[in-house]
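Please model the entire structure based on the sequences and the hints provided.
There are 2 protein chains.
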Amino acid sequence: MNFELLYSDRIKQLSPSPIRELLKIAVKPGIISLAGGNPSPDTFPVKELKDCFLKVLEKDWKRILQYSPTEGNTDLIEIIKQYSRNQGINCETENILITSGSQQGMDLVCKVLLNPGDEVIVELPSYPGSIHTLKSYQAKLTGVPVDQEGIDIDILEDILKDRQKTGILPKFIYLIPTFQNPSGVTLTETRRNSIIKLAEKYGILIVEDDPYNALRYDGENIKPIKALDRNENVIYMSSFSKTFCPGVRVAWVVGPKDLIRKMVIGKQGADLHTSSLNQAIVAEYCRNNLMENHLKDILSYYKEKRDIMLESIERHFKNVATWTKPQGGFFVWMSLDKKENTDELFSKAVEKGVIYVPGSSFCVDGSNKNSMRLSFATVSNENIKKGIQLLSEIFSL
Amino acid sequence: MNFELLYSDRIKQLSPSPIRELLKIAVKPGIISLAGGNPSPDTFPVKELKDCFLKVLEKDWKRILQYSPTEGNTDLIEIIKQYSRNQGINCETENILITSGSQQGMDLVCKVLLNPGDEVIVELPSYPGSIHTLKSYQAKLTGVPVDQEGIDIDILEDILKDRQKTGILPKFIYLIPTFQNPSGVTLTETRRNSIIKLAEKYGILIVEDDPYNALRYDGENIKPIKALDRNENVIYMSSFSKTFCPGVRVAWVVGPKDLIRKMVIGKQGADLHTSSLNQAIVAEYCRNNLMENHLKDILSYYKEKRDIMLESIERHFKNVATWTKPQGGFFVWMSLDKKENTDELFSKAVEKGVIYVPGSSFCVDGSNKNSMRLSFATVSNENIKKGIQLLSEIFSL
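Protein sequence lines correspond, in order, to chains A and B.
Quick note: the first sequence uses my numbering, first residue 3, plus one each step.
Quick note: the second sequence uses my numbering, first residue 3, plus one each step.
Hint data in this document are derived by calculation from the structure and do not stem from the laboratory.
Cβ coordinates follow ideal geometry from the N, Cα and C atoms, glycine included.
There's no promise every hint is true.
Claimed, not checked - Straight-line alpha carbon distances no greater than 20 Å define the calculated DMTMM-like cross-link-like pairs of lysine to aspartate or glutamate that follow:
id: 1; chain 1: A; residue 1: K203; chain 2: B; residue 2: E6
id: 2; chain 1: A; residue 1: K61; chain 2: B; residue 2: E50
id: 3; chain 1: B; residue 1: K61; chain 2: B; residue 2: D77
id: 4; chain 1: A; residue 1: K14; chain 2: B; residue 2: D77
id: 5; chain 1: B; residue 1: K137; chain 2: A; residue 2: D11
id: 6; chain 1: B; residue 1: K167; chain 2: B; residue 2: E121
Unchecked claim - Simulated coverage check for chain A against chain B, where a stretch passes if three residues somewhere in it have a Cβ under 8 Å from a Cβ of chain B:
id: 7; region: 151 to 163
id: 8; region: 270 to 283
Below, the structure written as structure tokens:
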């Protein structure tokens, strides 16, 4: 069989995730990886997960091992509803859909909204997993730069103005406004207010991807854009992957009822429903109010790592680079003043025994070639210091 | 926001699963449901599942609660490889992909192969979940009737001949050849040989959906079509949903390496990977050789129910209907001789306190209006008898 003749247009233009491929190559013993995007297994609440599993299995095995509604576990939906309301998000049961990770949330948003060639605005830089999904729906991606305060509102409005003239607006703006992956930047409150006004003015949707929201190590809490939503302009996604564990694949979407209904129809064809067992475990965990104390533990765990990374960067890169100071999440974004190319230097880093993700991997226009994403989440304190030092030896050559 | 202006073409033409909607309406206390497609919770190996969970959590929690490779758990892939080879399927590790239920297998097959308007051949009747997925990729569906020996090979070849003249062949033939959902029919060995020859002759793919394969209650075992595959014409899908439990959402695909690679790329955008935890539980269950004895138990469990249903139908419908005699799976397909319309009579059945799924729900051309799918899997022996009797009271009016 000649499969090349059979493949769909969408799959022909897709490549494997560059980061996933890069990580496969770079896994050699003893290497210090500042490249991962994973949460630390040290933060997984193993004992509590076990207890919750045993409890739900005992009391409810007939239901939680069976097929279940596409919308999600009703207890978990109620928990998400309450949690969302506490975040200032106005929502009912019908606004919520449980998904198999936020990756699926993104997939269903695209399934429901995108025709091939539709334009979507993404941040420069942005999360490659979502870019991959957008490309799989043959979206035309337009990047808008992020600075220390988040996406550049002026450039964004210029684009919207321009598109309004042509009569064809982008289908949505995809944002990770809080502790952004990869930049670590948080969109300011002022800009959140501006962007929701833009969305209303131009009648455009915002897809707010917010997996790191609960991982704030310092600074004032800022409400999600969704909490400012008055006219159903915002689709909000978040996840238990970073606060509980990724292996259960449980996440959620809060959006306009009509759109959620369409996403349910899309999900019926995609995987019928998210694992009933895993949803029940997560619901039991939340119901027993275990999340609050757990979050305290993991916040102090990650805060220490972030501090060590920022101190190490300060020590080694003071006069040769600029970098972000994230108040939460997993990532620091560092840009080299002399414009060294981080793609080209990657193999040198591997030789030295340290890896990062080159900045261009996150940019739909291939920009930010002098930048890199550095994650502190899964690295020992000692190795964060050592890794940053090794990096400095490469880039000050 | 006016969402109607924003929705994609694919979602605009999709309706919610008719069966899922029908079952929502029809759930009232005391009703006997012969409509479900679920396995019986009585067959779920709860204790063993618990033991496997505890074991894998203890020895491997750092890995099984973390993100994991898109391809699937390597142990589970090896188990599937061995199992497939025992079925006569020639395969390597790279031929296998673990999916979040076979529904996702179907979704990824479509993602990789279908452009809007591409033709796919399906059985009349066929599984609505897959039809839903096919429609979500805007496939043009052509139905080929199933008789007591499976899909009609002559009609199928006529269609292929015709399409060959136009130069545009269907992208694939979607088949559930063993204990078909909904008809219960099994494609004979002779026809399996014919169909693989057709696939080779016309250079066309077959998607073999085989979730009920292990649930044979009597008769001789027949090899999957995939075991006859010489030229990479067959993509095989099966699942742990019916033999273990559906709540874990673990299934698999065996296909040509190049195509599996493309499906992996598609899955990266869809849900990153199937729950690492659930894959580990299933792998542990299989590794401990628990499946073999478990299957013996559930086969005798379901066989009794099938026998009771066939006896009851024989008693009540002898001279007014024809029906299939499935050697495995969950379903009997019954067609009323006087061509009563099972859609129209559905509300009467609900009144009587019994439900089925009308035949037209399974047919892309709306045919088989005088047929219905009857499932014995989740119904008590007493209620199978009572349900069939109640049905006979409606249809002999």
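Structure-based check of each hint:
no. : hint               : result
1   : A:K203 with B:E6   : 18 Å, holds
2   : A:K61 with B:E50   : 16 Å, holds
3   : B:K61 with B:D77   : 14 Å, holds
4   : A:K14 with B:D77   : 30 Å, violated
5   : B:K137 with A:D11  : 17 Å, holds
6   : B:K167 with B:E121 : 15 Å, holds
7   : 151 to 163         : violated (count 0)
8   : 270 to 283         : holds (count 11)
Comparing the model with each earlier hint shows violations of hints 4 and 7; every other hint is respected.
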